[in-house]
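Starting from the given sequences, assemble the full structure and let the hints guide the process.
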Amino acid sequence: MTTPEIISAILLCLGTFFCVVGGIGIHRMPDFYTRTHAASITDTLGAGLLLVGLMFLCEDQHWTVPVKLGMVLLFVLLTSPTSGHALVKAAAAEGVRWVTAAAPESSSDAEDAEQEEA
Amino acid sequence: MTTLSVLTLVMVGVLVTMFLALARAALGPTVFDRILAANMFGTKTVLLISVAGFFTGRPEWLDLAIVYALVNFAGTIAVAKYCRFGNLAHDGQRRESR
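In order, the protein sequences belong to chains Z and V. Each residue of the first sequence is one higher than the one before, starting from 9 at the first, in the numbering used here. Each residue of the second sequence is one higher than the one before, starting from 2 at the first, in the numbering used here.
FYI, nobody ran anything at the bench for these hints, they're computed from the structure. Computed from a prediction, not measured in an experiment: that's the story for all the values here. Not one of these hints is a red herring.
Covered stretches of chain V, as calculated for chain Z (at least 3 residues, CB under 8 angstroms): (1) 7-15; (2) 24-32; (3) 43-55; (4) 64-76; (5) 81-92.
Beta carbons are placed, not taken as given, at the ideal position from N, Cα and C, and that holds for glycine.
Below, the structure is given as structure tokens:
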């Protein structure tokens, strides 16, 4: 393997790692807002590393191929945060609740109040 | 470890991610979880088409990836607007009429 191929292999493996981590995150995270975080990782780090890694394989190709890869990367980096922001705003307007961290705090507050009363 | 085996590994990883996003789209308790999973599925489709184009030695498939990225963005915004206002022609101003 030549040097660009080795760099490309490292970037592609890193991008695949972040994609799979984001996939596990969107499946396992407890509420909608944390799932948004997991999906954003695959759209920025995963897609960015994969597309930049593919750019290193373009030596024998026509010059339009890396330009097209750059266009795909630009579109993904522009549209993914925009749609994510619109989606979270719509969810917040609809009243989707946080489920993390609220329950333990309120329960501990209640326990403190009970202890103070006692 | 050749470049083709690395590309195969990438395609398998992206397919696993797409399957997990599809599972979330099927399970998702709210409609926003489903839209988020569909959006992520579309982004992963773009990546899969790009990598498959290099895998088969036909990078012309990148044109399909560009079109898919644009359609995915427009579709996500349209579905989010429809779920919020119940009408795609809504101007977003008259919130109390909802």
